[in-house]
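Colleague: With the hints as your guide, set chain B onto chain A.
There are 2 protein chains.
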Amino acid sequence: MTSFEFDEAIAVRQTGSGLGAVVPDGWDINGNANGGYILALGANALRTACGRAQPITITAHYLAPVTPGPVTFNTEVVKAGKRLTTMAGSIERDGRTLIRMLGAFGDLAPSGADDDQAVYQGAPPDLPPIEQCERRTPEGGSAVVGLADRVQMHIHPEDAGALHDRPSGIGQTRGWFDFHDGRPIDSLALLLAADSFPPAVFNLHEVVRGWVPTVEFTVHVRAVPAPGPLRCRFDTRYVSGGALHEDGELWDSSGRLVALSRQYGLLARV
Amino acid sequence: MTSFEFDEAIAVRQTGSGLGAVVPDGWDINGNANGGYILALGANALRTACGRAQPITITAHYLAPVTPGPVTFNTEVVKAGKRLTTMAGSIERDGRTLIRMLGAFGDLAPSGADDDQAVYQGAPPDLPPIEQCERRTPEGGSAVVGLADRVQMHIHPEDAGALHDRPSGIGQTRGWFDFHDGRPIDSLALLLAADSFPPAVFNLHEVVRGWVPTVEFTVHVRAVPAPGPLRCRFDTRYVSGGALHEDGELWDSSGRLVALSRQYGLLARV
Numbered sequence: 146m147t148s149f150e151f152d153e154a155i156a157v158r159q160t161g162s163g164l165g166a167v168v169p170d171g172w173d174i175n176g177n178a179n180g181g182y183i184l185a186l187g188a189n190a191l192r193t194a195c196g197r198a199q200p201i202t203i204t205a206h207y208l209a210p211v212t213p214g215p216v217t218f219n220t221e222v223v224k225a226g227k228r229l230t231t232m233a234g235s236i237e238r239d240g241r242t243l244i245r246m247l248g249a250f251g252d253l254a255p256s257g258a259d260d261d262q263a264v265y266q267g268a269p270p271d272l273p274p275i276e277q278c279e280r281r282t283p284e285g286g287s288a289v290v291g292l293a294d295r296v297q298m299h300i301h302p303e304d305a306g307a308l309h310d311r312p313s314g315i316g317q318t319r320g321w322f323d324f325h326d327g328r329p330i331d332s333l334a335l336l337l338a339a340d341s342f343p344p345a346v347f348n349l350h351e352v353v354r355g356w357v358p359t360v361e362f363t364v365h366v367r368a369v370p371a372p373g374p375l376r377c378r379f380d381t382r383y384v385s386g387g388a389l390h391e392d393g394e395l396w397d398s399s400g401r402l403v404a405l406s407r408q409y410g411l412l413a414r415v
Numbered sequence: 146m147t148s149f150e151f152d153e154a155i156a157v158r159q160t161g162s163g164l165g166a167v168v169p170d171g172w173d174i175n176g177n178a179n180g181g182y183i184l185a186l187g188a189n190a191l192r193t194a195c196g197r198a199q200p201i202t203i204t205a206h207y208l209a210p211v212t213p214g215p216v217t218f219n220t221e222v223v224k225a226g227k228r229l230t231t232m233a234g235s236i237e238r239d240g241r242t243l244i245r246m247l248g249a250f251g252d253l254a255p256s257g258a259d260d261d262q263a264v265y266q267g268a269p270p271d272l273p274p275i276e277q278c279e280r281r282t283p284e285g286g287s288a289v290v291g292l293a294d295r296v297q298m299h300i301h302p303e304d305a306g307a308l309h310d311r312p313s314g315i316g317q318t319r320g321w322f323d324f325h326d327g328r329p330i331d332s333l334a335l336l337l338a339a340d341s342f343p344p345a346v347f348n349l350h351e352v353v354r355g356w357v358p359t360v361e362f363t364v365h366v367r368a369v370p371a372p373g374p375l376r377c378r379f380d381t382r383y384v385s386g387g388a389l390h391e392d393g394e395l396w397d398s399s400g401r402l403v404a405l406s407r408q409y410g411l412l413a414r415v
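One line per chain: the protein sequences are A and B, in this order.
Numbering-wise, the working numbering puts 353 at position 208 of the first sequence, and it's gapless, one number per residue.
Numbering-wise, the working numbering puts 389 at position 244 of the second sequence, and it's gapless, one number per residue.
Just so you know, the hints here were simulated from the structure itself, not pulled from any lab data.
Glycine is no exception: its CB is placed at the ideal position from the N, C-alpha and C atoms.
Check each hint, because a few of them may be wrong.
Computed footprint of chain B on chain A, listed as stretches where at least three residues anywhere in the stretch have a Cβ under 8 Å from a Cβ of chain B [to be verified]:
(1) 224 to 231
(2) 358 to 372
Taking lysine to aspartate or glutamate pairs in the EDC-like style, the calculated list, with each CA pair at most 16 Å apart, reads [to be verified]:
(3) Lys227/A x Asp252/A
(4) Lys224/A x Glu237/B
(5) Lys224/B x Glu237/A
(6) Lys227/B x Asp252/B
So here's chain A without its partners, still in its complex pose (with noise of 0.2 Å):
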């Protein structure tokens, strides 16, 4: 049986007193791990102890960086109801707790499946075939991205020069999101890709990069994407008051809308 890293990295197990896991190398930017990752563990965990299939909407809080090691969850059954099940719960180290969520957890559709009434009044980003992208590397940009090592992410070219400090000047970042091992893209998987691309706003000429911290995290998974790299769009509109929204759009292979996802993000004080 092949073994995938995502799966190992997002391992639950059962331990004396609830569910744990150990949070590996690798997953990380410049040494915390990647939102992303850290919301489909945290998913991961209250699937399991739901008993659902998969993350529906869900909602994280982030409250310290999480480093590799050892980490604890609690969870909790707010409602289990007929389509959904709501949970709450968080990712804890040493009595600290990490990251708070809450969710609905139910049964998805494969994509294309129950879709007798759906409407799209937008499209997949047009991207050049993948050879034709930048392929993010772990040494690219002002950030060591452990991420990139793991996860095959092609920029547009258009979207790429904020990884060499030639912003577009449009708060946008398209490209393509693969495994680098071939594991199938599933609803934790888009937890993954839809925080793991450089934020939108290194795009903006004005604004001062380098760490945007994520404060609230929030990803709607609308179906178990087709086989194949998804398309992904992000864009940051709006950046006021010291902070700024990052909204993104997930397409599968088949062309279908797969998650929706936006972030509240600080912007670092200058």
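Modeller: Below, chain B alone, put in the same frame as chain A:
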């Protein structure tokens, strides 16, 4: 001292065992309290419990309809940080959780302050003057909207067909928002405004209309609005897998973005 209806409706009182409130008549749609009003009520309780002035980003999951009558609040300080205090909580009745919340609270600047790094790659909706828009009335459309006696929603003529079973075909609702009694619009009122308009999905031809239950609702508050009515735009671009999103932008009279909202809703099964 003038008393405004909204302040009375979201008033939170210390009770023997914690915080409580009474949900009054008149903030409802078909008898159930509006989701935006409920979020404002819950945020007021969390705000009171943490001593920070404003919600910055707040998420609610709606577990059961809220009818008029007494409710109690559970509140928990998850983390009291320097810039933000993270709060979790719920609205309860008779031992049952009706609403569960997670949010960050802090001190917002007035619209226009702290904006030397502001970037706007978008603009307020282009609305005709209020008197050329269509006022939402309690009896308009398919529901009895008690809320429409408390707040003034003047809807763009191009989007008002949703009120009369003549959907525009574009999943959009634009309009002016203000209080009937002239109450200033503050951060809590923004939470109300973000879920007061007729659902944007009602303007889609393809979709069966009716009850669109909100599962999750998140609002980012960017600034305390300048005096005057809000200009609002709500978009539902993607309906799929039995679900929809609605994204809101709320702009103040000075032309500044004051809030972003997004909700995840279910399509009624037919």
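Colleague: All hints are to be evaluated individually against the structure, with a verdict given for each.
Modeller: Consistency of the hints with the structure:
Only residues whose C-beta sits within less than 8 Å of a C-beta in chain B count toward coverage, and the segment 224 to 231 of chain A has 5 of them, enough to reach three; the restraint holds. For the segment 358 to 372 of chain A, the stated coverage by chain B holds: 6 residues have a C-beta nearer than 8 Å to a C-beta of that chain, and at least 3 were required. A hinted pair counts as satisfied when its Cα atoms are at most 16 Å apart, and Lys227/A with Asp252/A qualifies at roughly 11 Å. Our distance criterion of 16 Å between C-alpha atoms is met by Lys224/A and Glu237/B, whose separation comes to about 13 Å.
In summary, the hint linking Lys224/B to Glu237/A is supported, as the alpha carbons are separated by about 13 Å, within the 16 Å threshold. Proximity of Lys227/B to Asp252/B is assessed by CA-CA distance (about 11 Å); at most 16 Å being required, the pair is judged to hold.
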